[in-house]
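Starting from the structure of chain B, add chain Y where the hints point.
As a plain string of letters, each chain reads:
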Amino acid sequence: MPAETEQSTAEPLEVLRWYTRARKIPRFVGKAPGGGRYPGGPYTITQAVGAAAVLIAGQQTMSVWGRFGVLPNLAILAVAVAATLFGLKLVKPSGRDPVSALLALMAVTTSNRWGHHGERKIITRTPHAVRHRVNALMGPSPTQPQPDPLPEPVLTPPKSRGVLVESTPGLGNRTVVEQLLAQVRDHDPKARNR
Amino acid sequence: MRHPIVDMTQHLCWTSSGVVWATWRISPVPYGRRPVKEKRDVKRLHRTLWRSLTGEALALGVSVATDPVAVVEAQIEGVDLDDCPDWALEAEANLDRLEGLPLGERVFYLSVPLANPGTKRWSASWDASMGRLRDGLQLPRTHRSAQEIRFRIEQARRLQAGIPSAFDPRRVTVAEQVWLAAHAQRRGMLDIAPPAVGDDVTAALLTPKSGVAIPEPILDEGAKSDTAPKARVNPVTSRVLKVLDPRAMDLGQPSSYQALLVMTDTPAGGMRFPGAEFLGHLDNWGVDVDWAVRLRLNAREKVQRANRKSVRELDDQRDQQDGQASTGQHELDTAGNLLTEYQQKMAEDRLEVEVEHTVILAVPGGDAAEAQDNANQLAKHMADDADLRVERPVGTQEELWWAMQIGTPSTRLIRSYAQFATSDGFAMAVPFTTTKLGGRRGHPLCLNISSARPGIVHLDPGGYPVIGKSGSVAWVGELGAGKSVGMKTLAAGMVDTSGQLLAIDRSAEGEWATFAATITDSVIVDIKEPKYSMDPLRVLDKDQGPVAAQSFLTQLLNTSPQEVRGITLGQVLTPQYLAQHDLMSMRQVMNHLAVDCALEQATELAQHMDNYARLTWGRLIFDETLPPVDPHSPAVVWRTYGMEQPSERDLSEQHLYRSLRPEKIFGRAYYHLMVSCARRWAFADRSQVCVFACDEAHDIFSNPENVDELVFFVREGRRAKALLLVGSHDPDRDFGSETGRSLIPTRFVMRQTDLRLAQTSVRFLGISEEDPEFDSMVEELMQDTSPADPDLGVPEHRRGEAFLRDAFGGVGKVKVLAPARPDRAAAVHSTPPKSHSKT
Numbered sequence: 001m002p003a004e005t006e007q008s009t010a011e012p013l014e015v016l017r018w019y020t021r022a023r024k025i026p027r028f029v030g031k032a033p034g035g036g037r038y039p040g041g042p043y044t045i046t047q048a049v050g051a052a053a054v055l056i057a058g059q060q061t062m063s064v065w066g067r068f069g070v071l072p073n074l075a076i077l078a079v080a081v082a083a084t085l086f087g088l089k090l091v092k093p094s095g096r097d098p099v100s101a102l103l104a105l106m107a108v109t110t111s112n113r114w115g116h117h118g119e120r121k122i123i124t125r126t127p128h129a130v131r132h133r134v135n136a137l138m139g140p141s142p143t144q145p146q147p148d149p150l151p152e153p154v155l156t157p158p159k160s161r162g163v164l165v166e167s168t169p170g171l172g173n174r175t176v177v178e179q180l181l182a183q184v185r186d187h188d189p190k191a192r193n194r
Numbered sequence: 001m002r003h004p005i006v007d008m009t010q011h012l013c014w015t016s017s018g019v020v021w022a023t024w025r026i027s028p029v030p031y032g033r034r035p036v037k038e039k040r041d042v043k044r045l046h047r048t049l050w051r052s053l054t055g056e057a058l059a060l061g062v063s064v065a066t067d068p069v070a071v072v073e074a075q076i077e078g079v080d081l082d083d084c085p086d087w088a089l090e091a092e093a094n095l096d097r098l099e100g101l102p103l104g105e106r107v108f109y110l111s112v113p114l115a116n117p118g119t120k121r122w123s124a125s126w127d128a129s130m131g132r133l134r135d136g137l138q139l140p141r142t143h144r145s146a147q148e149i150r151f152r153i154e155q156a157r158r159l160q161a162g163i164p165s166a167f168d169p170r171r172v173t174v175a176e177q178v179w180l181a182a183h184a185q186r187r188g189m190l191d192i193a194p195p196a197v198g199d200d201v202t203a204a205l206l207t208p209k210s211g212v213a214i215p216e217p218i219l220d221e222g223a224k225s226d227t228a229p230k231a232r233v234n235p236v237t238s239r240v241l242k243v244l245d246p247r248a249m250d251l252g253q254p255s256s257y258q259a260l261l262v263m264t265d266t267p268a269g270g271m272r273f274p275g276a277e278f279l280g281h282l283d284n285w286g287v288d289v290d291w292a293v294r295l296r297l298n299a300r301e302k303v304q305r306a307n308r309k310s311v312r313e314l315d316d317q318r319d320q321q322d323g324q325a326s327t328g329q330h331e332l333d334t335a336g337n338l339l340t341e342y343q344q345k346m347a348e349d350r351l352e353v354e355v356e357h358t359v360i361l362a363v364p365g366g367d368a369a370e371a372q373d374n375a376n377q378l379a380k381h382m383a384d385d386a387d388l389r390v391e392r393p394v395g396t397q398e399e400l401w402w403a404m405q406i407g408t409p410s411t412r413l414i415r416s417y418a419q420f421a422t423s424d425g426f427a428m429a430v431p432f433t434t435t436k437l438g439g440r441r442g443h444p445l446c447l448n449i450s451s452a453r454p455g456i457v458h459l460d461p462g463g464y465p466v467i468g469k470s471g472s473v474a475w476v477g478e479l480g481a482g483k484s485v486g487m488k489t490l491a492a493g494m495v496d497t498s499g500q501l502l503a504i505d506r507s508a509e510g511e512w513a514t515f516a517a518t519i520t521d522s523v524i525v526d527i528k529e530p531k532y533s534m535d536p537l538r539v540l541d542k543d544q545g546p547v548a549a550q551s552f553l554t555q556l557l558n559t560s561p562q563e564v565r566g567i568t569l570g571q572v573l574t575p576q577y578l579a580q581h582d583l584m585s586m587r588q589v590m591n592h593l594a595v596d597c598a599l600e601q602a603t604e605l606a607q608h609m610d611n612y613a614r615l616t617w618g619r620l621i622f623d624e625t626l627p628p629v630d631p632h633s634p635a636v637v638w639r640t641y642g643m644e645q646p647s648e649r650d651l652s653e654q655h656l657y658r659s660l661r662p663e664k665i666f667g668r669a670y671y672h673l674m675v676s677c678a679r680r681w682a683f684a685d686r687s688q689v690c691v692f693a694c695d696e697a698h699d700i701f702s703n704p705e706n707v708d709e710l711v712f713f714v715r716e717g718r719r720a721k722a723l724l725l726v727g728s729h730d731p732d733r734d735f736g737s738e739t740g741r742s743l744i745p746t747r748f749v750m751r752q753t754d755l756r757l758a759q760t761s762v763r764f765l766g767i768s769e770e771d772p773e774f775d776s777m778v779e780e781l782m783q784d785t786s787p788a789d790p791d792l793g794v795p796e797h798r799r800g801e802a803f804l805r806d807a808f809g810g811v812g813k814v815k816v817l818a819p820a821r822p823d824r825a826a827a828v829h830s831t832p833p834k835s836h837s838k839t
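Residue numbers (the numbering used here), protein chains in the order written: chain B, 1 to 194; chain Y, 1 to 839.
This is chain B alone, in the form it adopts within the complex:
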């Protein structure tokens, strides 16, 4: 056997052990403060809190829903408490806090459809038109120094439309595009009236 393979492995067995169960002991309520035992117990804290909430709420609102006489009303309340105890038994005592779980479920159910971006919800609106009023300064700015006048452009009239371009006073400093726009305005009565 090669020398380098000889090694001591006689070390104790090592186990990665989690002590979570020792820390998160499932808590139950089985005995009353006076020492008496709760019937059907012990109950988880969730069961106890839930049943107590149903009992108190039911008893406080009995005037609203209690229309069946004293004994039937008490029987209904007892059934509701029993149902709560039974239903909440399904919630694992070592699992997630049921209140926060419920809140998380509600949050994800009611959350915005398109998610959120940073701290803002993304809300998409229905299709709608965009209106605007824009002032565009086309000529040289009055606050800017006047540039040297451009050489007079030589325009070839678009033959297809039969538009005759004439030299018009006031067009001297205009650009080619501005001159074309001016010609269209001159030949369009609607535009001229605006």
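Source of the hints: derived by calculation from the structure; they are not laboratory data. Keep in mind that a hint or two might mislead.
Below are the DSS-like pairs computed for lysine-lysine, each with C-alpha atoms no more than 30 angstroms apart in a straight line [stated by the list, open to error]:
id, chain 1, residue 1, chain 2, residue 2
1, Y, K380, B, K89
2, B, K24, Y, K302
3, Y, K120, Y, K302
4, Y, K380, Y, K815
5, Y, K309, B, K92
6, B, K92, B, K24
Quantities reported herein were computed from a predicted structural model and do not represent experimental measurements.
Below, chain Y without anything else, positioned relative to chain B:
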């Protein structure tokens, strides 16, 4: 929610909660299939790391794809491609091949929130509040003061000093912090690699130039935006997070879908070490996953207080559950036993601390359904293979996603899923480890298949002498396992990078000769059709030639330096005598001994030599008309098929030795001459890498004098860049002396279906029989390493599998890649052609 990071410099980031985080990139420690003793050392390193921390920390294991370009850059690094055009072609072909391979690796980070001591406890929170207010009022942000930065850097420096140097903690850059934040938004999508040291291009791309360096994603829990407008999303069945980066969307990139899982339960009996590396196992299940561990290190005194409280609770619960059926009592008993053990461990070790940890996993997918399927698959693997339970609690996807980010404070949800272990226990998870093999550059010879996500193994045997390592490589495996292909591929890489190849080829097909024929100016010395002379007086210089000739003739003529014939040979074969009589070749020496030499028994010596000179093979030595082998040729291959050597029994028993056939005697002397010449040529030029390949090495090592030459190769080759490349079946018996065998640092072990050979081979990798891995490796070597189908042989995708022990002690499973160039690939494959069937 806004991204918590508001300010960054160097490896620090300030958050909106007033906490400053420092982040380091952690170099993983080699682990893989190393012996258990070394694994224990790695575990101790992790324990030291956990104990060096206080308060909270965030450990990250980020899965990144390997860029084929980076692999090819490492392949050609340090190589002048103008001088090595064949290597340029190979690199180009390799790039094409790598494009189709899903390569990846895991990078690790450790991020620690720095404490706010003294007045900073208030001032940091105040500054953070003011920052939020300024942001709300759209006021410009202010920079951190130089004093604050200096203070935080000093705090981080003290923390870094406690991290074991084996982890080589490297301060991340701002670019790397941006990359981490962006990566969280791009899981499962095409992504660039994290900026490496010296990677100026990536760093320049990621370095912020404005206040919105980190992409602001749109988060959509449940991927509701993918559904029809009026459709109701079931939050239970759609537990996934859709992350959409608007900037990436502008570039035509899709959204990232991520399923976030949290570890909720662990095996009641724990996990045995080695084997408890559950974070490392994540790479074995074929699911792309990032992991984050939110840590809180609790001092021993605090733990003992908490344990005492638990004892009181336990007593109370025993009372409360007194009348309950046995199940509840069993749980309490288990909790009680664990508490006792925990208290005991805390009491025994005064340095022990508690590691409160929440493990979060992020599994990406192409869409919501795929992400969830992947998450379910991972959860099933973890439950079945490791008895670990992971869940995707409803309504927590976004919170878990944020919890994986640097700078996010721990929340109640995260703490509610915390697991508790000692630092010694959690160290057994050894999260910062790697199965990486080989070095950073060199020949990309194999795929590392130690985990389900393969990586490239770069081997640079020719470069190892420069860093003080021997470059010799041994290949072990049964017939047809793929040794020769691997050896030739490795040799091809060396020849293509200006190295020299010397090889002995005893195969019937002349596989090495076929391979060498593809190399320009190669020389093939064939014993059956000699075209080159191996006359030692002609192929070696005037000083070394006579020594090699005397050694050759001593074996050929079975003389001894103490005998008269040996003395005569010794007198003739000296540089002075040869020069004086103008003897330039063995033929001339033979003729001189026959006619002109007056020394005792010269004539008998000449007659004896003449007997061998008349053999066909004798021409190799005694035919002056053949040109001598050029020792500077890039490849010299000696074909020896049909040439026999005496067995060990032949040599050890007198009567057998005396009746040896002349062919066997000539074979023995010729093998010795080849090895002798190879050694002299390889050590002649110390600047050039020279590899001496001995496939079927048992044939060469059967001669004790060859063993000495080869051991010299291994012992002294480091300085002269002379490498030995040996292949055979039985590492214990076929590689000569144990010294020489032990000094070969790089070892490939391929398929062995025989139990004894498999066990021997695993030991050759450095794994002892007492190691827990030993039996499983033997079984894997016999049954799951290039397994052969009875009818079809080894399937193409399983060829070349091997265990590799690299020159640095790393052990893992690899798959050898044949040359990427089709012509070279064809040349290295030695499988005999199929017989022609009649039609």
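Verification of the supplied hints:
Of the supplied pair hints, the one linking K380(Y) and K89(B) holds, its CA atoms being roughly 26 angstroms apart against a limit of 30 angstroms. About 16 angstroms separates the Cα atoms of K24(B) and K302(Y), which keeps this hinted pair within 30 angstroms; it holds. Pair hint K120(Y) plus K302(Y) holds up; C-alpha atoms about 24 angstroms apart against a cutoff of 30 angstroms. Restraint check: the Cα-Cα separation between K380(Y) and K815(Y) comes to about 28 angstroms, which is no more than 30 angstroms; the hinted pair holds.
Restraint check for K309(Y) and K92(B): the C-alpha separation of about 22 angstroms stays at or below 30 angstroms, so the hint holds. A threshold of 30 angstroms between alpha carbons decides the hint, and for K92(B) with K24(B) the separation of about 12 angstroms falls inside it, so the pair holds.
Hint compliance for this structure: no hint is broken.
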